[in-house]
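In the order they appear, the protein sequences are chains D and B.
Heads up: the first sequence runs through residues 31 to 342, numbered per the working numbering.
Heads up: the second sequence runs through residues 55 to 486, numbered per the working numbering.
Please keep in mind that the hints were generated in silico from the structure rather than gathered at the bench.
Treat the hints with care, since some could be wrong.
Pairs of lysine-lysine, DSS-like flavour, derived with a Cα cap of 30 Å [claimed, not checked]:
(1) K285(D) x K110(D)
(2) K180(D) x K60(D)
(3) K370(B) x K110(D)
(4) K116(D) x K475(B)
(5) K54(D) x K285(D)
(6) K54(D) x K240(D)
(7) K110(D) x K76(D)
(8) K370(B) x K150(D)
(9) K116(D) x K210(B)
(10) K61(D) x K180(D)
(11) K36(D) x K370(B)
(12) K62(B) x K464(B)
(13) K69(D) x K336(D)
(14) K61(D) x K76(D)
(15) K370(B) x K62(B)
Keep in mind that this is a model prediction, so the values were computed, not measured.
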Amino acid sequence: MPWFRKDLISTEELSPEEIQTVFKTTAAFKKILGRKTAKTPPLRGKTVVNLFFENSTRTRVAFEMAATKLSADVMSLDMKTSSTSKGETLRDTVENIHALAADMIVIRHSAPGSAAYISKVLDIPVLNAGDGAHEHPTQALLDCFTLHEKFGSLKGLKIAILGDILYSRVARSNLWAMTKLGAEVTLVGPATLVPREFEQFGVTVSHDLKSALADKDAVMLLRIQHERQNASAFPSINEYTRMFGLNKTRLSWLKENAVIMHPGPINRGVEIDSELADSPQSVILGQVTNGLATRMACLYLCSGGKAETLTG
Amino acid sequence: MSQVTWIKGGRVIDPKIERDEISDIFISNGKIIDRPSRETLAKADTIDATGLVASPGLVDLHVHFRVPGETHKETIFSGTSSAATGGFTSVVCMPNTSPPADTAGTIQYIKDAVGRESIVHVFPTACITVGSEGERLAPTGSLRDAGAVAISDGGKCLQNSGLMRRAVEYANMFNMPVIDHCEDYSLSANGVMNEGLVSTKLGLRGNPAEAEDIMVSRDVILSAKTGAHIHIQHVSSRNAIDIIRRAKSRGVNISAEATPHHMCFSELEVSDFNTNFKMNPPLRSEEDRLAILEGLEDGTIDCIASGHAPHTDYEKDVEFDYAPNGVIGLETALGATLNQLYHSKRLDLPRTLSLLTYQPAQILNLNKGTLEIGADADVTLFDPECEWTPQSNSFQSKSSNSPWINRTLKGKVIQTFVSGKLVFDKGKILSS
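The following block holds chain D by itself, in its conformation from the complex (with noise of 0.2 Å):
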């Protein structure tokens, strides 16, 4: 299916189909990445901006590379030492770097709807590194794409997304995306950090580990994110990782073949035991070479290129 869309906000946006053509060009731009020289030149003479509001290494640190790799000028900014530190609102911080040329604009920040702000506001393409709690879709992306490499597709696909659901983006942009391509969601940890109301979006809600985890194809660990919270969702990090820490005993608990996906950054010995990270069930380093290839896909398509024009 051909991709129309000049941004990049959400996937619960996305059809099954668009996805998929996310999924195509992914694969593509990743034997491009497998080559000796891979660059390649569908964004020359574009900029890049990226605007993170919010501090990042890992999804700036690829999205620059994606850029890169499709040979884009690429400038990222640290807006938090930027004029919006003197006042300046979004919407005229985005309207100048628009006016100093920018063709595409890739935007992390702490408030959810940011991204559709501002991609209503400007007329280059806008895609969503993250806004608040709300979506996070190029992590969705990748994870799903790194199922479907793994599993051949998510149909029918038993995950369980394990931890901070509530104030997850991560979570939120996978469940639609997940549910989308026919997979069975389960969402589990502690009551405080996932409401009921998730069940609405057909997904399940757990708080008993055991039976959350049980059968499952996947499970994907999601950090325990302190800033986050206004106040304390549980006694204690001790107490979490008790309740809810993934160690060998509860890996058993999953299939034989299950994997173990997280986003990063890990916090070793608190949500994961370390040996688990490390452990050949774990595709979190995989994850990571794939967010590379799918930015790129997003950025190639939200540019207006042709899934179908690209050979890998």
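Once you have looked at the hints, place chain B on chain D.
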């Protein structure tokens, strides 16, 4: 007898005296008068009200005019022009100004500005606590003497229940109602919309209905203990309405208002992060919205108030998290109320109008909201069937943060008289 204005042949509705007839209204010297002599009528200014409703001027217990301090959002003139356009002839303004209205001097400042600029009746309220900071009682008696008709901490809720008890007991001594925005901050902390399905989906911080319910319960308990009158602002949750309903059945001296936006919209409107739907209390679930309509139907909720809260376009044109709470409402309140209550056949027209006229007036003991002989000639003429669609540039308010932009309303004000003077005439403010 001086010049008489003869409003002729309209459907005259005065809910207070249960008047509903095709009839005439006569105005002289700013008052409603009985039918004058034939000779006097021959010289009267005649206004043909055929096909229109002639109602007592509407009364709004809850507006923010931003004076002093934030006149870039609203002034007394723009705010009262907005009121007159919406058919309101009496408004009660909240004290969360800059500085807050916690001294007799600030009340006098507001009254002076009203004297210079206002085209409708404006009644100021004053703070419960100094600076609305919830720590020390403001001088309630002096504020009453300066002209405040009630006390309120405006958009803030006094969290200290012991201090609230003293506030209502003390104010009761002066027969001053206490107006409360009910919100337990420990539950609502950082919430920017209703906690529920939509906030879960959007990743926006939730402000749960229980934050309101708990403070409404507190106020009911304090009112029952002290006998003081507490008026609950912009009630928005099903449980809060039920708490008020049961309190009233026991005779507790409590009253409540609902806003047109909470009557008309649910949290679903926030789905595309439109900041013109950001307010506090937030738009809640559809179940809560329907409970508000039921509360208005059965009398649990005493009146409708616009909650008119102007903010400039640049203040609202930001990320949802950072936008200020509040929407304007004076110019759309009548149409929205008619849509939800009268045109939907929930209430007949007199009962609908009672929520906007003598019932709010009664809550604060204002001598308003009636067309009785001898009353101030505050009259609103409106066409209940006229459909119109507000646009961002169509408001008399200095601000245009309205959730009704591009939505059709049925019911439009044609003329507004304040103390017998025509101040709004077919879309125009007559300010001279």
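Report the numbers of all earlier hints that the structure fails to satisfy, in ascending order. The structure breaks hints 1, 4, 6, 15; every other hint is satisfied.
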